[in-house]
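**Q** Generate the whole structure from the sequences, applying the supplied hints.
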Amino acid sequence: MSDETKSRRIVPIGPYHPLQEEPEFFKLIVEGEKVVDLEIHIGYNHRGHEFISPELTYDQVPFLVERICGICSNSHPLAAVLAIEDCAGIKSPPRANFIRSIIHELERIHSHLLWVGLAGHFIGYNTVWMWAWRYREHILEVFEMITGNRNHYTVNKPGGVRWDIKPEYIPQIHAALDLVEKKTMMLTKAVLDDPVIRARLEGVGILTREQAIAWSVLGPTARGSGVDIDVRRDDPHAAYDQVPWNVIVLPEGDVFAKAKVRLLEIFESVRIIRGCLDNLPDGPIDVRIDEIPPGEGVGRTEAPRGEVFHYIRSDGSNRPIRHKIRAPSYMNIASNVVAVRGGSIADAALTLAAVDPCYCCTERMAAFEDGKMKYSGQELLRLSWEKTEKLREGLGKSHYQEGRLE
Amino acid sequence: MSESLELFRQRFPETQVFVKNPRRLYLTIPRGKITAAAKFLHQERGMRLSICTGIDTREGFEILYHFSEDKTGILFTLKVFLPKDNPQIESQGAWFPAAQWIEREMNELLGINFIGHPNLAPLLTPDHDWEPDRYPLRRDYERRNEAHER
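Chains A and B are the protein sequences, given in the same order.
Taking my numbering, the leading residue of the first sequence gets 49, the next gets one more, and so forth.
Taking my numbering, the leading residue of the second sequence gets 57, the next gets one more, and so forth.
To be clear, the hints were calculated from the coordinates, so they are not data collected in a lab.
None of these values were measured; they are calculated from a predicted model.
Be careful, since some hints might not be right.
Stated by the list, open to error - Quick list of simulated restraints, FRET-style, between CB atoms:
1. Lys214(A) x Lys127(B): 37 to 43 Å
2. Glu100(B) x Gly251(A): 30 to 36 Å
3. Arg194(B) x Gly331(A): 44 to 50 Å
As the list claims (entries may be wrong) - Simulated crosslink set (DSS-like; lysine-lysine; CA at most 30 Å straight-line):
4. Lys139(A) x Lys76(B)
5. Lys127(B) x Lys308(A)
6. Lys127(B) x Lys76(B)
7. Lys135(B) x Lys139(A)
8. Lys139(A) x Lys127(B)
Claimed, not checked - To give an idea of the interface, some chain B residues facing chain A are shown, with a C-beta separation under 7 Å as derived from the structure:
9. Ile107
10. Thr109
11. Ile111
12. Thr181
We put the beta carbon where it would ideally sit given N, CA and C, even for glycine.
**A** Laid out in structure tokens, this is it:
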């Protein structure tokens, strides 16, 4: 063993966590506190959707793909029905397009609030966690009102949507949006102005623009690194080309930029939903599809984490012969290899979570040194909290000293 | 007509182009041209690799490389046919990190050999002891209830 590798240790993160959707196993290779390399092992939750989907009819496929993910349970069915419609050359009616956009943006708000809450919890700001999850609740109530479910809304079907937005729902949706917008504004200001959060997140886990392009990362992970992509704008579908909104892009590439992109996107989502509700056209919410001709189709949409990609090949029967599914985390998680390198252990879990893959892995972390457990999941959480506390004390002291000097 | 498509046609005149609709283009190219074509789309035209799809058809294997041109919203799909008895192709993961995982996945689920890949280890089923030459996404795959067999 050379001197260089003598001090290397392995910190395993994983292999699974029961609460969110993507179990993965990160093997951090560390020298002291510094992370020098990362190995990623996935496949703990491989359920063979691409194998099962060709055994189902086109009407059943959205129900299957909806269950890929509990948080973005609208993105996969939307991309799948767009692929089916692309293959068959069908256009869904305008009212269905607007309803698709409304549901999709409501989903983005609740997903981003979930991430902000978990990130807050991890760096020791439990108030942020409680706040964010409390305001997320109002969005889930809107889902329950429109579709009957808080999750797995079953909104999309080939040719349109299943649930209409009745006129009596609209004031209640506006009320929930007003509340969430006001509270998220307060939360955003609190988070972005807090010197400790800034010190804790700025410059951590940087993914440069070149790396983001080489790894083809997506969504807030790419937009936080200065890559200006958003499938909603670039490849318009649903009603995204009919209401005004902006794509949030920040150049820094650190965890703070990714957090900021997510927080600011909530306001854009609110804007899209309001625009859609104000311009909601009348008419049918679905069209009848008699057959899917032989051919192929691609559907893609911007999930909260990035572009979801579905490819469908048809042979003219009532089932697809091939259905390729690509979730955004598939590209984003792979890029962690470059993002965590050079950081500390206390920052690693945060960096790994900054792409919003899944958060409970941090609870499952354990560090071994010479066969003995050094850090458990709780210990790593404590390490992260201690770092925040140290920063807070340091900042407090410097303010205090400055005050005394005056 | 897309500018990238025109340039692609000039560079690779043997391309067969199928325009499904203005934002979905399918370009069929010979197997030997795949690295040059992928490098052209990513490095010269600045496209992002969305994903690859591997399909087992009656005639042979099809590998589709979906490249997204985000400036115009056009999805360029490179299509390569591989014969059944010789399913191998040059790896793109060797120069393009974004292609590494999907090539590993196509290798383990469809049995395509990617020549020059830095690490062609199983990605999704690392702990599953597959029998050799038994790939779940191939047409001749027989579904068995393995839990009962054990």
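**Q** It remains to establish, for every hint, whether it holds in the given structure.
**A** Hints, verified against the model:
Checked against the given bound of 37 to 43 Å, the beta carbons of Lys214(A) and Lys127(B), roughly 40 Å apart, stay inside it. For the hinted restraint 30 to 36 Å between Glu100(B) and Gly251(A), the CB-CB distance of approximately 33 Å keeps it satisfied. About 45 Å separates the C-beta atoms of Arg194(B) and Gly331(A), a value consistent with the hinted range of 44 to 50 Å. The straight-line distance between the Cα atoms of Lys139(A) and Lys76(B) is roughly 15 Å, inside the 30 Å bound, and the hint therefore holds.
Of the supplied pair hints, the one linking Lys127(B) and Lys308(A) holds, its CA atoms being roughly 24 Å apart against a limit of 30 Å. For the suggested pair Lys127(B) and Lys76(B), the alpha carbons sit about 19 Å apart, so the restraint of at most 30 Å is met. Proximity of Lys135(B) to Lys139(A) is assessed by CA-CA distance (about 26 Å); at most 30 Å being required, the pair is judged to hold. A distance of roughly 24 Å separates the Cα atoms of Lys139(A) and Lys127(B); the hinted pair therefore holds under the 30 Å criterion.
Annotation: Ile107(B) was flagged as interfacial toward chain A, and the flag holds, the nearest CB pair being 4 Å apart, inside 7 Å. The criterion of a C-beta within 7 Å of any C-beta in chain A is met by Thr109(B), whose closest approach is roughly 4 Å, and the hint holds. The restraint placing Ile111(B) at the interface with chain A holds, with a minimum CB-CB distance near 5 Å, inside the 7 Å limit. Because the closest C-beta pair between Thr181(B) and chain A is about 6 Å apart, less than 7 Å, the hint holds.
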